[in-house]
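Residue numbers (this note's numbering), protein chains in the order written: chain A, 1 to 344; chain B, 345 to 801.
Keep in mind that the hints were calculated from the coordinates and are not lab data. Beta carbons are placed, not taken as given, at the ideal position from N, Cα and C, and that holds for glycine. Do not rely on the hints blindly, as some may be mistaken.
[Stated by the list, open to error] In silico PhoX-like cross-links for lysine-lysine, where the CA-CA straight-line distance does not exceed 20 Å: (1) B/Lys-492 - B/Lys-554; (2) A/Lys-110 - A/Lys-243; (3) A/Lys-207 - A/Lys-114; (4) B/Lys-797 - B/Lys-356; (5) A/Lys-140 - A/Lys-243; (6) B/Lys-622 - B/Lys-580; (7) B/Lys-356 - A/Lys-331; (8) B/Lys-554 - A/Lys-316; (9) A/Lys-331 - B/Lys-797.
[Stated by the list, open to error] Far from chain B, by Cβ distances over 12 Å, these chain A residues were calculated: (10) Glu-4; (11) Ile-6; (12) Phe-18; (13) Leu-83; (14) Lys-158; (15) Val-187; (16) Tyr-189; (17) Lys-198; (18) Pro-217; (19) Leu-252; (20) Pro-299; (21) Glu-314.
In case you want the letters, here they are:
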Amino acid sequence: MTSESIDIINAFALLTNFVLLPALSYGSQLALGALAVTLVYSVLRFSNFAQADSMAFGTMIVILLSSFMIGKGWTISGIPTALLAVPIAIVGTSIYLLSMDRLVYQHYRKIKAKSITIVMASIGVMFITGGIVRFILSAKAQKFADGERFIFSVREFKTYTGLEQGIALKTSQFLTITIALILVAFVFYFLQKTRTGKAMRAFSDNKELALLSGINPDKVVQITWLLVAVLTTIAGTLYGLDKGFAPQQYHLLLLPIFASVIVGGIGSPVGAIAGAFLISFSEVLLTYAYKKFLIYLLPLSMHPSSLVQLIGTEYKYAISFVILVVVLLIKPTGLFRGKVIVDD
Amino acid sequence: MINFNNIWQQYKTIISFSIMGGILLFVGFNQSWTLTLGIINLSLISAIMALGVNIQWGYAGLFNVGIMGFAALGGVSVVLISQQPVAEAIDAGGLKMFFALIMGAVTIASGVMLNRRGVNKWLISSIVVVGYIVTRYYFSEASGLIEKVNPGLEGYMGGLGLPIMLSWLVGGIAAAGAAWWIGKITLSLRSDYLAIVTLGISEIILYVIKNEDWFVRGVKNVAGLPRPVPLEVNMKKSEWLQDLVVWFNKADLQLLSESERASQLIELMKPASVIFVKLCYSGLFLAILVALIVLSNLALNSPWGRKVRAIRDNEVAASAMGKNIERQHLQIFVIGSAIVGIAGALLVTYDGILIPTAYQPLRYTFLIWVMVIVGGSGNNLGSVLGAFIIWFMWIQSGPIGMWAVEMIGNNVQAGGSFIEFIESRVHYLRLFFMGTIMLLIMRFSPGGILPEKNKEL
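Looking at chain A on its own, in the form it has when it is part of the complex (with noise of 0.2 Å):
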């Protein structure tokens, strides 16, 4: 091979490390908690602004467990710890859930309160659940991972091809992929083919014409916040075994969630995963310095002198909001066209 097609191929392994796995990782991360954004919004008509803290709720929950299995030996080499509390960790945050929607949620789907009172109400859980996984575990940063930290590393990478740059693919990268896509094709596989899935949907569409076909509403909106537990904790325990675990960091998800489900069209699940992959895409693509991409593609004369980054890694957060704003200036209804439920 001569030698600028080596580059070319370097090139694109550094962009593949770096811009890729990166992106279809946090992509999928994303792509759950707004998967269960949408899934409250379609059956319970309200956005959820306590997902996130939702998620740091479930992960609070792993990392006790997990700390406990680890510190009993319960371990089983090369995988996360982690990954085996989470079944546990599921059944108590759809406990968690589940108390929430009767204490606070259940009283204003009675009274047919205005959505904005629910979402308001979803703020103060939000707080509460904020408040409690800050006094158990602090507000301070930690990690969780255990087990095998790579699939395979860099350097394996370049001696296996030889190349100059090297992809590594780390474990939480392949495990977040992989059971991201599992579990998508489960929710989908539910919702479009059981019979509580289809009641599910029935349920979002129209609920009078639900009801009055014989649709237990109690059940689905049980069912409802159980896959919504579901989704929430993998996906915070994803997120955490990718980038660890801080309360405020997670809180912070919430605008990229909440982004990620109004591009792609709220109440559409396709949609919330396409929107989840574009938030992720942008904001890795648009703060990624391609410095070294541009050195290995461009002759010497041309080799940038700065980082060449477009927009610098602390305003991240201002990406999904911008594309958010967008959006809502062009295309109100999203890429797919979700359904605008109107207060009644």
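Fit chain B to the known structure of chain A by using the hints.
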């Protein structure tokens, strides 16, 4: 048999404000007057903020989750208006920064204009991209130059050196401008979009303030802001205050000998000067609060106010009568945000320092919401009362919580590590308790303590 319920219904405003006043007097006599005045001053500022939010929520049902951002805009204007300009920094990078900002504005404006004219999308995008690159080039050069000028103390261009009172007005205008822009985008859409967008914009305003050091020094804070009231140090020497203190403590001072009396007087002047300065602030804030309440009540009883209430009570009917709901909502959103901006400016003026890291959503957005809901949404006096109650609880909950933990700790000998654990985190429980209070009030007494009076239209 006196019916207490009737009396409460009739005089609840007076009763609840008297109880609050009584509690504050109690704190004044038992803890300290400086603490009481501190609570009162911050309650007054919070009351102004709550008033702005109450206008948005109570008059139009607009849910603003970005109070923090609007307050921060007010705070920044204080620095930009009242600080002295830093000539060296302006010489170094002022012109370039000006050019960069103009360039950015032109880029955005031309993008919007061309888009409206229906010009080819690719042409527009390339113009915007080129404009962005040029802007960014000059911008990073200029900000680097400015930040290099005496970074320990300055490293920014300073302000305009104008009187600080002007900045309150400017703070209101800045917040109103941001609100107008947000309102234009979201008010024609679903009601929760406003909530989401305000949440986003407030975080981003804070990111900009924290990261752009050339602007208002970022996380390095701007201290030593000018003050609208005299300094404590000068007050210590003022003769009339000294006379006043002597008159207040006549009985105590007469018992002492001449030399002891002088030293005792110096001791007494310390808290007296602090109290005097705080009272000055209280007077200022109270005047602004009363003026705003009077203005908003006048407005609500005017034809404009009748339209506002008509739209709030029945949007469909009002719309059928030819009222423009969207424009009405935009007006109210802008007015409410302007008031929040003014309060934000007052807060920074009172602190005398701009600390960007102190802007937390809990303190600035959520707490204000709890005030509005507890006090009585839709009722201006209610939100003032809510501000006093919630701020008082906020300030006192820390010490009370610590005291409770220590009491438990003293009685329970075993499990010392558990007590330590609780002690180090007791302040996070505030989040929990404030959230619980908000949810309880929303659930069981949606009108708050002083519900809005139902007036005949």
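Against the structure, the hints come out as follows:
no., hint, result
1, B/Lys-492 - B/Lys-554, "holds, 17 Å"
2, A/Lys-110 - A/Lys-243, "violated, 40 Å"
3, A/Lys-207 - A/Lys-114, "holds, 15 Å"
4, B/Lys-797 - B/Lys-356, "holds, 12 Å"
5, A/Lys-140 - A/Lys-243, "holds, 14 Å"
6, B/Lys-622 - B/Lys-580, "holds, 14 Å"
7, B/Lys-356 - A/Lys-331, "violated, 49 Å"
8, B/Lys-554 - A/Lys-316, "holds, 14 Å"
9, A/Lys-331 - B/Lys-797, "violated, 41 Å"
10, Glu-4, "holds, 27 Å"
11, Ile-6, "holds, 30 Å"
12, Phe-18, "holds, 21 Å"
13, Leu-83, "holds, 28 Å"
14, Lys-158, "holds, 34 Å"
15, Val-187, "holds, 23 Å"
16, Tyr-189, "holds, 29 Å"
17, Lys-198, "holds, 26 Å"
18, Pro-217, "holds, 20 Å"
19, Leu-252, "violated, 7 Å"
20, Pro-299, "holds, 21 Å"
21, Glu-314, "violated, 5 Å"
The structure shown violates the earlier hints numbered 2, 7, 9, 19, 21.
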